[in-house]
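Asker: Sequence:
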Amino acid sequence: MMHSLAYFSLAAVVAASVTPPGLSHRVEGIEVPAAKEIIPAVTVVQENRTYAVKLECAACPFVSWQRPHEAEWQHPPPANSLMLMLKLDESQSALLLDDHRIFPLDPMPLHIGAMQVPNDLDKGVLDGQMARGFKLDAPGRMRFPLQYEHSVFRAEGPGSMWLQFNVTGLASGEDAEPFRLGQKVIQVLLRAEHHDDDYKLSIGDVQVVEAKNMAQAPRMECGRLAMVKTTFDPTQWDEYGKFGTWSRTWSLVIGRLGDYWSDHLEDNMMLLPLVVLLAVSIVMATRLYQSRQQDDRDSDAETALLGRYAPPPYRDIPVIKIEEYD
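Numbered per mature numbering (1 follows the signal peptide of the UniProt record, and there is no 0), the sequence shown spans residues -16 to -1, 1 to 310.
The hints are simulated quantities; they were obtained by calculation from the structure and are not laboratory data. Just to be clear, a hint being listed does not mean it is correct.
Claimed, not checked - Straight-line alpha carbon distances no greater than 25 Å define the calculated DSS-like cross-link-like pairs of lysine-lysine that follow: (1) K184 x K196; (2) K213 x K226; (3) K71 x K168.
All of these numbers come straight from a predicted model, not from anything done at the bench.
Whenever a hint applies, use it, and build me the whole structure from the sequences.
Answerer: This is how it looks when you write it as structure tokens:
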């Protein structure tokens, strides 16, 4: 017992002699950076009204900003996505995609762009965008013009409809050539409540799905899909219209004539009243034609959604298997 006490006392003396005077033992706290909260493919901003969508853009060219007005293409491109905002307008009678009306669909050409973001976009960054009033084209972000397919067809349940927005490509890239996409599709389930001659829309669901898994439109007895489909490629349009159409040819001729008359106005002063009258007539006719087209499109879309008239009867078309024999 005495030997043990002596040994313990000796150890205490040695420890005291080794430890520098005035030095106390303490554990410093280590600050660990908070884990980033990565936003999912679909973020609910306001239930049934506003949704933020992050659409994965596999192998898309990525722009790295060195300074506010100086950027370069990054090689290899990191995993990135396209950021889109879906919301109903104030009257709840139209669906907007980044402030462009996609239901009922505005007349073509409808140029829609999407902001490019890294796949690991933090929720705090999205919150900052929301604070700016959902203006997604932030400084230091690349905004790509989109090639897309827009489809609308009736869903199960009264007043329900699927709207599918498929980004098929980017109209420009590093080499100024279109970049093909189409792996995933945004589909929105719209619902409408009909009150007298008016209606109000609500968003039932927003999904980002593989193209092979997207909802399918029913078929009519003739075998065609009971849907309205619109495709848009910005590279096929210019200020006069879509290439290869009569409307563009007409607009081009009128535009060139207008340029000619304006260049030779002094030589044709006597014909100026006739030119003005002709120009006004052309503008009014063009506006009337576009207005009728839009009214027809709105009427078709609203009728399909509200179910005022039943669509042509449809049924599943059997698959006919053809076997070949030697």
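Asker: State for each hint whether it applies.
Answerer: Hint check:
no.	hint	in the structure
1	K184 x K196	violated, 31 Å
2	K213 x K226	holds, 17 Å
3	K71 x K168	holds, 20 Å
The structure fails to meet hint 1 from the earlier list, while all remaining hints are met.
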